[in-house]
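Starting from the known structure of chain L, arrange chain Z on it as the hints suggest.
Going down the list, the protein sequences come from chains L and Z. Mind the numbering: the first sequence is residues 660 to 771 in the working numbering, read in order. Mind the numbering: the second sequence is residues 852 to 969 in the working numbering, read in order.
It cannot be assumed that every hint is accurate.
Some chain L residues well away from chain Z (every beta-carbon gap over 12 Å; in silico) [said to hold, decoys possible]:
#1 M670
#2 S681
#3 T683
#4 Q716
#5 L743
#6 G744
#7 D745
#8 S754
#9 G762
#10 I770
Label-pair ranges, simulated between beta-carbon atoms [stated by the list, open to error]:
#11 Z/G879 to L/F723: 21 to 29 Å
#12 L/N757 to Z/M866: 29 to 37 Å
#13 L/E676 to Z/E919: 42 to 50 Å
#14 L/E720 to Z/A904: 44 to 52 Å
#15 Z/P905 to L/G744: 33 to 41 Å
What the hints contain is simulated information worked out from the structure, not anything from laboratory work. Since we're looking at a predicted model, the values are computed, not measured. Ideal Cβ placement from N, Cα and C applies to all residues, glycine included.
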Amino acid sequence: AQTVTQSQPEMSVQEAETVTLSCTYDTSESDYYLFWYKQPPSRQMILVIRQEAYKQQNATENRFSVNFQKAAKSFSLKISDSQLGDAAMYFCAYSTGNQFYFGTGTSLTVIP
Amino acid sequence: DARVTQTPRHKVTEMGQEVTMRCQPILGHNTVFWYRQTMMQGLELLAYFRNRAPLDDSGMPKDRFSAEMPDATLATLKIQPSEPRDSAVYFCASGLALSGPPSYNEQFFGPGTRLTVL
Chain L
660 AQTVTQSQPE
670 MSVQEAETVT
680 LSCTYDTSES
690 DYYLFWYKQP
700 PSRQMILVIR
710 QEAYKQQNAT
720 ENRFSVNFQK
730 AAKSFSLKIS
740 DSQLGDAAMY
750 FCAYSTGNQF
760 YFGTGTSLTV
770 IP
Chain Z
852 DARVTQTPRH
862 KVTEMGQEVT
872 MRCQPILGHN
882 TVFWYRQTMM
892 QGLELLAYFR
902 NRAPLDDSGM
912 PKDRFSAEMP
922 DATLATLKIQ
932 PSEPRDSAVY
942 FCASGLALSG
952 PPSYNEQFFG
962 PGTRLTVL
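Pulled out of the complex, with its shape left as it was, chain L reads as follows (with noise of 0.2 Å):
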């Protein structure tokens, strides 16, 4: 069975710095993908980065990045020069074929 786990039900980080958000998962497949998504009060859920399983190079979006571990089952999202509008639900989402996952999500909160 494939699950999404995150580990980390809050995270809290001071504005302009860097936080590293955890996700496993669990698969037998060997091709799929990776997301995060954001989710602010306003409820609208945010694709913020994505990363296909056959691809080794980490996934880049500005101040967004990935550490895609696919021995280890590990995709964390690590987010530089935290802003306030960073505050948020961050979910992982596994897919492949047909099915998508989510993990339960980690609320990240941004001090100034």
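What follows is chain Z alone, placed relative to chain L:
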């Protein structure tokens, strides 16, 4: 500014009543997803359409839930009869999958429908 719209935004109903939630995907998108979000279970995929055809609805309780796409601009999720355990936020998302499985494609989420069943 293209976005997914969902109606109603909030719905309070009594147990046993029929509930219909509607979603208008982004024009031109060919995939539609329905999710349910609760505190206990998090986000769960209920059903998924591609080119209006249902591809997977294994996450949906078949006895009371049904999902359809009458046309390319409308997706519906119906619960009949509703139960208190159905209380949740229901999200619709759409995406554009040009070839192969849409697993990689970005999903654009609507604002959700908050359903409360008393």
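Hints versus structure:
1. M670: At about 17 Å from chain Z, L/M670 clears the 12 Å cut-off, so the statement holds.
2. S681: 16 Å, holds
3. T683: 15 Å, holds
4. Q716: Nearest chain Z Cβ is 16 Å from L/Q716, so the label holds.
5. L743: Its Cβ never comes within 12 Å of chain Z, the nearest being 22 Å, so this holds.
6. G744: 18 Å, holds
7. D745: Since the minimum Cβ distance to chain Z is about 18 Å, L/D745 lies beyond 12 Å and the statement holds.
8. S754: L/S754 is in fact no farther than 12 Å from some Cβ atom of chain Z, at 4 Å.
9. G762: 7 Å, violated
10. I770: 25 Å, holds
11. Z/G879 to L/F723: 21 to 29 Å: 27 Å, holds
12. L/N757 to Z/M866: 29 to 37 Å: 32 Å, holds
13. L/E676 to Z/E919: 42 to 50 Å: 48 Å, holds
14. L/E720 to Z/A904: 44 to 52 Å: 32 Å, violated
15. Z/P905 to L/G744: 33 to 41 Å: Since the Cβ atoms of Z/P905 and L/G744 sit about 37 Å apart, the hinted range of 33 to 41 Å holds.
Checked against the numbered hints above, the structure breaks hints 8, 9 and 14 and satisfies the rest.
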